[in-house]
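K.L.:
Respectively, the protein sequence lines represent chains D and L. In the numbering used here, each residue carries its 1-based index in the first sequence increased by 90. In the numbering used here, each residue carries its 1-based index in the second sequence increased by 28.
What the hints contain is simulated information worked out from the structure, not anything from laboratory work. Take these hints with a grain of salt, some might be off.
What the hints assert, rightly or not - Okay, derived cross-link-like pairs now, DSS-like style, lysine-lysine, Cα gap no bigger than 27 angstroms in a straight line:
hint, chain 1, residue 1, chain 2, residue 2
1, L, Lys179, L, Lys210
2, L, Lys123, D, Lys367
3, L, Lys122, D, Lys264
4, D, Lys367, L, Lys122
5, D, Lys121, L, Lys122
6, L, Lys122, D, Lys272
7, L, Lys123, D, Lys264
8, L, Lys123, D, Lys272
9, D, Lys125, D, Lys264
What the hints assert, rightly or not - Examples of chain D residues lying across from chain L (beta carbon under 8 angstroms, computed):
hint, residue
10, Pro233
11, Lys272
12, Leu273
13, Glu275
14, Met276
15, Arg278
16, Leu280
17, Arg281
18, Leu282
19, Ser285
20, Val291
21, Pro294
22, Asp358
23, Trp371
24, Gln374
Claimed, not checked - Calculated from the model, a selection of chain D residues having no Cβ within reach of chain L, i.e. all distances over 10 angstroms:
hint, residue
25, Gln129
26, Leu135
27, Thr146
28, Val158
29, Thr176
30, Ile222
31, Leu234
32, Leu313
33, Ala348
34, Gln359
35, Lys367
36, Arg372
From the three backbone atoms N, C-alpha and C, an ideal C-beta is built for every residue, glycine too.
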Amino acid sequence: MSGATLHNTSPAAPRFDVPSGTAFSSSSRRKWVNKLQLQNLARYLSPLLMILCWQTACSTGLLSTRLVASPLQILRTGWTLVQDGTLSTNMGVSLLRAVAGLSLALLVGTSLALISGLSQLGENIVDAPLQIFRTLPVLALVPLFILWFGIGETPKILLVALGSTFPIYLNLHKGIRSIDPKLLEMTRTLRLSRSQTIRDVILPGALPDLLVGIRFAVGISWLMLVVAEQVNADSGIGHMMMDAQDFLRTDIIFVGFAIYGLLGLISDQVVRILERKALVWRPQHLKTTASA
Amino acid sequence: MNQISPLIAAPAVTQPAVSVRGLSRRFGNGPRVLNQLNLDIAQGEFVALLGRSGSGKSTLLRTLSGLDPVTEGHISCPQEISVVFQESRLLPWKKVWQNVTLGRNDTPRDQARHVLEEVGLAHRIDAWPLTLSGGEAQRAALARALIREPKFLMLDEPFAALDALTRLRMQDLVSALWQRHKSAVLLVTHDVDEALLLADRAVVLEAGRIRAELPIPLPRPRRHADPVFVRLRATLLEHLGVHE
Ligand SMILES: Nc1ncnc2c1ncn2[C@@H]1O[C@H](COP(=O)(O)OP(=O)(O)OP(=O)(O)O)[C@@H](O)[C@H]1O
Ligand SMILES: [Mg+2]
Chain D
91 MSGATLHNTS PAAPRFDVPS GTAFSSSSRR KWVNKLQLQN LARYLSPLLM ILCWQTACST
151 GLLSTRLVAS PLQILRTGWT LVQDGTLSTN MGVSLLRAVA GLSLALLVGT SLALISGLSQ
211 LGENIVDAPL QIFRTLPVLA LVPLFILWFG IGETPKILLV ALGSTFPIYL NLHKGIRSID
271 PKLLEMTRTL RLSRSQTIRD VILPGALPDL LVGIRFAVGI SWLMLVVAEQ VNADSGIGHM
331 MMDAQDFLRT DIIFVGFAIY GLLGLISDQV VRILERKALV WRPQHLKTTA SA
Chain L
29 MNQISPLIAA PAVTQPAVSV RGLSRRFGNG PRVLNQLNLD IAQGEFVALL GRSGSGKSTL
89 LRTLSGLDPV TEGHISCPQE ISVVFQESRL LPWKKVWQNV TLGRNDTPRD QARHVLEEVG
149 LAHRIDAWPL TLSGGEAQRA ALARALIREP KFLMLDEPFA ALDALTRLRM QDLVSALWQR
209 HKSAVLLVTH DVDEALLLAD RAVVLEAGRI RAELPIPLPR PRRHADPVFV RLRATLLEHL
269 GVHE
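Make the full structure from the sequences, and use the hints.
P.N.:
Written out as structure tokens, the structure reads:
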């Protein structure tokens, strides 16, 4: 019996010849890496080409530089704005508003989501009004906010907070409500107390959804800030851009535009890093740490 | 109900670890899923519960473990119980050893290691549950059940989702663990061989009632080829409505 199985397996062995197998896989990986780099290059090729066209159109006079500043002009202006401190002051102000508004949203959004996620009574009280509010266009509140809170920092921070509260609330609430009931059953058989269940099961289980909500909230906060700073402000990136409009300085407007983009990109990256740190147990993160 | 002073109790008759009397259960206006069920499990006895799908096995287990309410009848059950389900139900965001000690905050890691050694999973003590194989996850679930030193252990088709080879290993493991810890065990299974390998007694449930009980007086370790095993197997299959 055992002799027969031995005899059966031996002719098949050369097929799993080790050296040829590894040689194949390493060469294919190298090709794959090359391909990836090429693809990355190709991705940036088209925007680069567009910028080049833009520059030539401006230099040859095809595009009026009064309406659209040239890329070189934008770079030069950006540099002077950095040097005379205008940019850093305005950016600091904008960043502070975004952070303050987001922090407020995080506090209010998570509290409301916990109230309505953890108790039926809480859901009855909190959820319906929030679902109604969330369908309203928050930006339409700008005039009202100016009336109520004047033109100081308060209306801007509150506008940011209001806009970004909803994604945090909605996602965390959904996360809490969609915890696997089988896990909750298991905690009951283990006789876990309610507070232990919340701490060890419900909150960590809803964390991925909370992080998704935060990412949406970050995006929305910049959007709210743009509007708030362009309507009534004497500082901030948005104000810098509105000021430039009066003097037909399209280059400054483009610099502000780029800064908003950059800030959005950076804050999104920050949340992604946070995600990778907080969700180490997830298979996709496990894979990346294993291969790194 | 039967916790009355053990000092006066007659020493000859030992109390059963688990006793179910006249237990009935229905969902809404449906038929009775459990129908006037009576069942005793002695201290340290291993009982296998069989029956076709929908016969009420899981419902009985859920009632015994306190997940479902007792609406009609009586049950008496030890305080220290543990349940292992078909899925391991580990928390993916806690490492294996933290899952094992879940809800017992004062339990040191060494104790978790000790139990994990018993189930042969000590080398994965710091692993994330989503990286475990099906068999490893069930071992972790067993460890989580054992660390509580249950007087009554319930297993609801714990190996149904495992491959045949892993299942055999897990059956050996459960058998060894039970012989060491000697808690009362109720194992729900669809596998007649599994019941005959492990249990002292097989109980067949049908339409919420016990249709047949079959003592399995075989010495351990048991072998499939044993003629008594083969005979018991035929009897049990017959009770289940399968004719070989
Ligand atoms: N929550 C519920 N609501 C309504 N009916 C239910 C519920 N839980 C179980 N049932 C019904 O009770 C009956 C018995 O279910 P149970 O899960 O106890 O069967 P089982 O013997 O464990 O079956 P299986 O071998 O498939 O696991 C089934 O007909 C099922 O549809
Ligand atoms: Mg079942």
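K.L.:
Confirm or reject each hint.
P.N.:
Consistency of the hints with the structure:
1. L:Lys179 <-> L:Lys210: holds (8 angstroms)
2. L:Lys123 <-> D:Lys367: This hinted pair holds, its Cα atoms lying about 15 angstroms apart.
3. L:Lys122 <-> D:Lys264: holds (22 angstroms)
4. D:Lys367 <-> L:Lys122: Judged against 27 angstroms, a Cα distance of about 14 angstroms means the pair holds.
5. D:Lys121 <-> L:Lys122: violated (39 angstroms)
6. L:Lys122 <-> D:Lys272: holds (16 angstroms)
7. L:Lys123 <-> D:Lys264: With Cα atoms ~25 angstroms apart, L:Lys123 and D:Lys264 stay inside 27 angstroms; holds.
8. L:Lys123 <-> D:Lys272: Holds: L:Lys123 and D:Lys272 sit about 19 angstroms apart, inside 27 angstroms.
9. D:Lys125 <-> D:Lys264: Not satisfied, since the Cα-Cα distance of roughly 40 angstroms exceeds 27 angstroms.
10. Pro233: violated (45 angstroms)
11. Lys272: Hint on D:Lys272: holds, closest Cβ of chain L at ~6 angstroms, below 8 angstroms.
12. Leu273: holds (6 angstroms)
13. Glu275: holds (6 angstroms)
14. Met276: Constraint on D:Met276 satisfied, holds at 4 angstroms.
15. Arg278: holds (6 angstroms)
16. Leu280: Result: holds, 5 angstroms to nearest chain L Cβ.
17. Arg281: holds (7 angstroms)
18. Leu282: The hint holds - D:Leu282 has a Cβ within 8 angstroms of chain L, the shortest such distance being about 4 angstroms.
19. Ser285: violated (11 angstroms)
20. Val291: holds (6 angstroms)
21. Pro294: Because about 4 angstroms separates D:Pro294 from the closest Cβ in chain L, which is inside the 8 angstroms limit, the hint holds.
22. Asp358: Cβ of D:Asp358 sits 24 angstroms from chain L, so the hint is violated.
23. Trp371: holds (5 angstroms)
24. Gln374: violated (10 angstroms)
25. Gln129: Since the minimum Cβ distance to chain L is about 30 angstroms, D:Gln129 lies beyond 10 angstroms and the statement holds.
26. Leu135: With a cut-off of 10 angstroms, D:Leu135 remains clear of chain L, as the shortest Cβ separation is near 39 angstroms.
27. Thr146: holds (53 angstroms)
28. Val158: At about 51 angstroms from chain L, D:Val158 clears the 10 angstroms cut-off, so the statement holds.
29. Thr176: holds (46 angstroms)
30. Ile222: holds (34 angstroms)
31. Leu234: Nearest chain L Cβ is 42 angstroms from D:Leu234, so the label holds.
32. Leu313: holds (32 angstroms)
33. Ala348: holds (39 angstroms)
34. Gln359: holds (23 angstroms)
35. Lys367: holds (13 angstroms)
36. Arg372: The assertion about D:Arg372 is violated, with a minimum of 7 angstroms to chain L.
Hints 5, 9, 10, 19, 22, 24 and 36 from the earlier list are contradicted by this structure; the remaining hints agree with it.
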